[in-house]
Each structure stands twice: as structure tokens, then as C-alpha cells.
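Asker: Listed below, chain by chain, are the residues.
2 protein chains.
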Amino acid sequence: MTTNTYSPDSLKEFAGAIFHKLGLSEEDAEIVSDVLITTDLRGISSHGVARIPVYAKRIKLGLINPKPNNQVLKENTCTALIDGDNGMGQVASYKAMKLCIKKAQHTGMASVAVRNSNHFGINAYYSMMAAKEGLIGMAFTNTSPLMAPFGGRERLLGSNPLSISVPAGKEPDVVIDMATSVVARGKLEVALKKGIEIPKDWAVDAEGNFTTDPGKALAGALLPFGGHKGYGLALLVDILSGVLTSSKYGPYTGSLFGNMDRSQEIGHFFLAINIDNFRDYSEFTEEMDKMVKEIKNSQKAEGVARIYTPGELEFEKYQELLINGVVINDKVQEELNFLAQKLGIPSLQEISAQSQIASTV
Amino acid sequence: MTTNTYSPDSLKEFAGAIFHKLGLSEEDAEIVSDVLITTDLRGISSHGVARIPVYAKRIKLGLINPKPNNQVLKENTCTALIDGDNGMGQVASYKAMKLCIKKAQHTGMASVAVRNSNHFGINAYYSMMAAKEGLIGMAFTNTSPLMAPFGGRERLLGSNPLSISVPAGKEPDVVIDMATSVVARGKLEVALKKGIEIPKDWAVDAEGNFTTDPGKALAGALLPFGGHKGYGLALLVDILSGVLTSSKYGPYTGSLFGNMDRSQEIGHFFLAINIDNFRDYSEFTEEMDKMVKEIKNSQKAEGVARIYTPGELEFEKYQELLINGVVINDKVQEELNFLAQKLGIPSLQEISAQSQIASTV
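Chains as they are written, first to last, in this note's numbering: chain A, 2 to 362; chain B, 2 to 362.
You may find that some hints are simply not true.
As the list makes no split between identical chains, a pair holds if one copy fits it or if it spans any two.
For lysine-lysine, the following DSBU-like pairs were computed, each having C-alpha atoms within a straight-line distance of at most 35 Å [to be verified]:
no. : residue 1 : residue 2
1   : K291      : K75
2   : K61       : K75
3   : K291      : K68
4   : K297      : K201
5   : K291      : K201
6   : K301      : K68
7   : K291      : K318
8   : K294      : K68
9   : K96       : K61
10  : K75       : K294
The set of hints was computed from the structure by calculation and includes no laboratory data. Computed from a prediction, not measured in an experiment: that's the story for all the values here.
Please work from the sequences and hints to get the whole structure.
Answerer: As C-alpha cells, this is what we get:
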């Protein structure tokens with residue numbers, strides 16, 4: 002391990018200590034940490050522990066409530082609406098998906114929505130909770146506006162991601178997790194820093210012209226993936242997460258990074274389907290394995306080395322990093338340690354050393 | 002009206018007479034006719050009455066069962082699995098969505114799947130059934146293989162369309178209805194006939210190379226829309242419709258036009274969400290109207306005359322054709338009248354004339 006490589010356990014302990022110190026209950030701090038470290042393990046470092054500083058900033062500014070009361074506001078046999086109470090999105094979402102799974106196991110399927118919430122991390126974490134229990138899981142969230150509707154140029158829609166996880170047998174589960182924009186806004190920032198052009202279908206400039214200039218694109222709006230199709234899906238995610246839950250939608254939501262003067266007021270929507278109510282579970286997973294293997298072993302397009310099923314790359318990364326540890330880049334490590342120092346908790350290196358000693362005792 | 006323009010009522014009467022004569026009960030013939038004529042009214046003439054001859058051929062060849070027994074095979078509080086019994090897809094799907102709506106009205110949400118079925122027409126018909134009752138509706142179906150997985154070149158996935166309808170108040174409902182392929186296979190045939198090239202991202206040839214030659218594309222495979230994202234969604238639709246329902250998936254399904262020696266053995270999946278269980282219905286539809294109006298009135302991209310919400314074009318076409326009638330092209334009219342003659346029922350023109358006399362009496 003290099004000096005910047007940490008075991009998942011050390012990272013989880015570090016993140017948990019920070020969030021507990023920021024006022025979250027131990028249980029809630031553990032939930033948030035697990036979401037973040039799972040994200041790093043899946044190789045999505047942009048959404049893992051690197052996000053701790055912005056969450057901390059928002060909690061300290063009073064924009065996120067560290068001790069939410071996640072009441073069930075409405076409930077029926079297979080639905081519920083949970084109050085996010087302006088807490089960390091991960092906390093309400095974890096509880097919502099837990100309830101959703103429990104209901105679906107009894108009734109065949111269920112959906113639980115969260116209102117008045119904040120950024121919840123990656124969608125796949127929640128859909129995978131269902132798949133781990135042998136259910137098909139879905140997770141939707143709206144986000145702050147970055148994207149123009151099809152044919153438009155105003156930022157009226159978020160990147161509004163969605164995830165669906167389906168359990169397989171011996172093969173990795175199918176885990177779909179996608180933004181409904183062509184790319185994340187971060188890719189424009191990367192292109193700008195590198196001084197390279199972006200493909201023509203990623204964004205429009207402030208006048209609504211397609212642009213290959215990342216700077217002009219950042220001043221304009223991202224485009225939905227697949228034109229009117231991604232636009233439709235982005236709208237659906239905003240309706241399920243924002244409108245249906247009485248949260249804010251599109252242009253009325255707050256940005257995690259951009260709005261340090263208000264809460265995000267976004268919503269989430271979760272759904273679980275109990276496979277056994279449609280088909281014998283082991284028959285289902287056997288057929289999933291067959292389907293997945295046929296796709297992976299099928300003939301490749303020119304220049305393609307391997308065909309992946311959705312989520313397979315992230316699954317393999319997870320297996321690898323679970324053993325080899327997660328590399329935290331210098332800048333993120335510095336920010337995390339600076340935050341730890343301010344909160345009076347041990348640094349990443351100190352926690353890592355302690356856990357190595359503990360594991361050799 | 003030109004000689005080829007028919008009122009929806011005449012078309013429905015004509016189609017109903019044909020399907021009844023082919024062995025469907027009056028009730029089932031009425032269901033199929035309503036799906037087809039609604040499709041024509043929405044301007045999707047490729048999937049309307051023009052499809053009657055192929056359905057008739059399959060029924061006469063014994064590949065579609067005209068008198069299915071649509072039993073409920075499995076049932077829980079908010080799920081059911083219905084046997085398509087190799088009947089017309091429209092019949093089982095109509096019954097499935099009816100049951101799904103009824104369950105969702107009681108329990109908050111529901112999903113009903115259909116196994117061992119055939120082509121069901123357009124997805125939007127079924128999702129709109131839910132929206133008309135004030136619920137959010139979803140409809141999925143798998144189809145015969147036309148499309149390669151992302152990175153592949155074998156036809157392992159269908160165009161696997163999905164539809165979601167959300168009720169609005171005074172504005173048209175949001176009706177998303179999309180194939181998960183970039184385009185329908187029909188567009189390749191049109192390009193071939195016109196002798197024009199197709200865009201590079203539509204298809205691969207038999208060797209897995211991107212191609213702009215529609216002939217080579219027809220010998221190869223269509224591509225999913227939005228690359229890996231559309232691929233993920235196509236897989237999801239195949240899993241929900243094919244694998245979950247114990248029907249056939251992807252390469253094992255039969256083609257409506259291509260396989261005149263076997264049944265299609267496809268499946269469908271329907272879902273309904275009762276809005277009132279999450280938010281007061283009138284509040285919801287008011288906010289939908291606000292959202293829709295904001296998008297429609299927002300600034301347009303260069304060269305764009307109007308921003309549409311999903312389904313708005315089809316809604317306007319429906320309103321227009323309901324009054325002005327549906328134009329049936331010469332070739333389709335000829336095929337329909339030829340079929341009518343063989344079955345011993347009046348021609349389109351005769352039925353149309355009768356209904357005009359009836360309406361003036």
C-alpha cells in the first residue's frame with residue numbers, strides 16, 4: 002500500500018467519526034459512511050469520501066439537519082412517504098429502502114418515497130440493497146438543474162439519475178446506474194482544465210447552440226442522453242422524486258455545491274419487486290446467469306475487447322479494492338485531514354495506523 | 002374527407018368485425034380494435050390498423066390463440082402474473098392493466114405481469130389507461146431480437162420499448178413511449194428504399210463495424226440509444242417482461258413478422274402508482290401543469306420552433322384526427338379490404354358509408 006491507500010474499514014471509521022462529531026447519531030453516521038465507502042470501492046471516487054467536506058460545510062452552515070426525524074408521513078399497504086426532514090439524503094434513503102423491501106416481501110412489491118431531503122450519494126447503493134435481499138430494486142433522485150429540455154437551452158432539469166439492480170445467481174448482479182444527461186457536469190470541467198474540445202452532442206451554450214467548447218458549455222446547459230428519450234426519463238425522475246413527494250422540482254431545487262445559502266429540498270423514490278411473487282427465485286437467478294453469460298460471450302464489435310453487463314466493471318473494482326484498499330488523492334486527503342483536525346478527531350493516517358495495529362494484535 | 006379517410010368509429014367497427022370473425026370474442030375484438038385505432042389516432046400509423054393483416058395471418062396459422070384463457074397464475078396483495086395463453090397481446094395486457102389499476106387504487110401501487118403472450122401494440126395505450134384513472138402508469142414489453150448489446154454485434158436484444166404516463170391537470174398528460182434502440186428497424190428499410198445513408202450511430206454491420214449503409218445495417222444489428230445507457234434499459238425491459246414472467250427473452254423470442262412458424266412467447270410488465278398515497282391529487286396535477294408550462298415556455302435552442310413535452314405531439318394529432326378522420330394509405334386499404342372479402346365482411350368503404358347514413362338518420 003502507498004501512503005495514500007486506505008483499507009475500507011479505516012475509511013469507514015474515519016468518515017463515521019466525522020459525521021458523528023458533526024452531530025449525526027452513531028447509527029446515522031454509520032449509514033452515511035457505508036454509502037460513501039461503498040461508492041469509493043466501486044471506483045466512483047467523485048462521489049465517495051471526497052464529498053465529505055461539502056457535506057460537512059452544509060451541516061455546519063445549518064443547511065443540512067444532522068438529527069432528522071424521519072417520520073412516515075403517509076402510508077398504505079405497499080407505499081409510504083417519509084419525511085427527509087432536511088437531513089442527510091443517505092439516512093432517509095437507507096430507511097426508506099429498508100421499509101420498501103420489508104413491504105415488498107409481504108405484498109409482492111412496494112414503493113417508498115422521501116420528501117424534503119438532500120444529496121443521497123449514488124443511486125446504486127439503494128437499488129443494490131434490494132438486490133442483496135433477492136428483490137429487484139429501483140432508486141431515483143432529482144438533482145439541481147444543469148440540463149436543458151430537448152429543444153431548449155434553459156437549465157430546467159437535473160442530471161436526475163436512476164438505478165435498477167437485478168439479482169443474478171453466480172454471475173454479478175445487473176446494476177444499472179445512470180444520469181439522464183449525456184455526461185456529468187464534471188466532465189466539462191475536466192475538458193476545460195485539459196484544454197480539449199467536447200463532443201458536439203454534450204451541451205448547448207448560453208444562446209442554445211451546440212458547442213464543442215467546454216467553457217461555453219459550462220455557461221450553457223448539458224443535454225439529455227439520447228435526445229428526446231433521455232429528456233423523457235429526466236422528466237420522469239423529476240416527477241417521481243420532486244413533484245410526487247411534494248419536494249421541489251428542477252429549477253426550484255438547491256445545488257449541493259452551488260447553493261450555500263439554502264437547503265436542497267430534493268426528493269427520492271424507491272421501488273422493490275419481490276421476484277418470488279412472479280417466478281420461483283432460483284429459476285429466475287439461473288436464467289439471469291444464462292442471459293448474462295450469453296451476452297458476455299457473444300461476438301464483439303470491431304475494436305471491442307470485452308462486453309460488460311451493467312455494473313460488472315464496478316463489481317470487479319469493488320472486489321479488487323476490498324483487498325487492495327482505496328487510493329485517496331493528495332488533495333482530498335489534505336481536505337479530509339484539515340476537517341478532522343478542526344473537529345478534533347484523528348487524521349486518516351492515524352486511524353489507519355491504529356486499525357493496522359488492532360488487526361495484528 | 003378524401004376517399005381514404007375514415008372516422009375512428011368506422012375503423013373500430015371494421016377492425017372489430019375482422020377480429021370477431023377470426024374467432025375472438027366480441028369483447029376481446031373490441032379491446033384489440035380500440036388499441037389499434039387509438040394508435041392510428043395518435044399518428045403512429047405503422048402500429049395501427051396496418052398491422053391487422055399480420056395479426057390475421059398469425060391467427061389463421063394457429064400461431065395466436067383467438068380464445069385465450071387469461072387466468073391469474075400467481076397473485077399477492079399488489080402483484081399478479083397473468084397467463085397470456087398465447088392470445089393477442091392486447092387482450093391480456095388490457096386485463097392486466099385493469100387489474101393493476103384496481104390493486105393500486107387499494108394498496109398504493111401494484112404491478113401485474115403477463116407471460117406467454119404476443120405483440121401488444123403500443124406501450125402508451127396501457128400506461129395511459131392508468132393516467133386516465135389518475136395514476137402514474139408504466140408498461141414494458143420485450144420484442145424479438147434486433148439489437149446488439151453495447152460493444153457487441155449479435156442480435157441479442159429486442160427494441161424493448163417502455164412507456165410511462167403521468168396525469169397532468171389542464172395540460173396534456175406526460176406520455177413517454179420509447180424504444181430502447183436508437184431507431185426502429187423500419188427506418189433502415191425506409192433509408193434503403195430512398196437510397197440514403199443512415200447516421201453512424203444507428204447500427205453495426207454483420208462484422209460489428211459502425212455503418213452508414215442501411216443495407217449493411219439490416220444484415221447487422223441495431224444499436225441501443227445512448228450507448229451503454231440504452232443497453233441497460235433494454236436489458237431491464239427484457240428481464241421484467243421475459244425473465245421475470247417465465248416467458249422467453251431476447252434471442253429466444255419469436256418475431257411478429259419474421260417467424261411464421263412459431264408463437265412469439267414474449268411477456269409484458271405493467272405498473273401503476275396511486276398518486277393520492279403520496280400527495281393530494283389536485284395539488285399534484287396543478288404542479289404538473291406548472292412544470293409542463295415552464296418547460297414549454299422556456300427559451301429554445303437555435304433553430305427550434307417549439308419545445309414539446311413527451312406525448313404532446315401525439316396528443317395533438319389525436320385531437321385533430323378524432324375530428325378529421327384517419328387517412329389509410331392505398332396499400333393498407335387494399336390489404337384490409339382483401340382480408341375483409343376473404344372473411345366475408347363488408348369493406349372499409351361499405352362500413353364507412355353505413356355509419357355515415359346511420360349518423361344522419
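Asker: Each hint should be assessed against the structure and marked as holding or not.
Answerer: Going through the hints against the structure:
1. In this assembly of identical chains, the alpha carbons of K291 and K75 lie at most 35 Å apart only when taken from different copies (24 Å versus 41 Å within one copy).
2. In this assembly of identical chains, the alpha carbons of K61 and K75 lie at most 35 Å apart only when taken from the same copy (30 Å versus 52 Å across copies).
3. With identical chains, the CA atoms of K291 and K68 are at most 35 Å apart between copies only, with a shortest distance of 33 Å across copies and 46 Å within one.
4. Both within a single protomer and between protomers do K297 and K201 lie at most 35 Å apart by alpha-carbon distance, with minima of 31 Å and 24 Å respectively.
5. Taking identical chains as interchangeable, the C-alpha atoms of K291 and K201 lie at most 35 Å apart only when they sit on different chains, with a minimum of 31 Å there against 38 Å within one chain.
6. For the homomeric pair K301 and K68, neither the shortest alpha-carbon distance inside one copy (51 Å) nor that between copies (43 Å) is at most 35 Å.
7. When the C-alpha separation of K291 and K318 is checked against a cutoff of 35 Å, the pair qualifies only within one copy, where the shortest distance is 23 Å, while the shortest distance between copies is 43 Å.
8. With identical chains, the CA atoms of K294 and K68 are never at most 35 Å apart, being 46 Å at best within one copy and 37 Å at best between copies.
9. For a Cα distance limit of 35 Å, the shortest separation of K96 from K61 inside one copy, 24 Å, qualifies, whereas the shortest one across copies, 54 Å, does not.
10. Taking the closest pair of Cα atoms, K75 and K294 come within 35 Å of each other only across two copies (29 Å); inside a single copy the shortest separation is 42 Å, beyond that limit.
Checked against the numbered hints above, the structure breaks hints 6, 8 and satisfies the rest.
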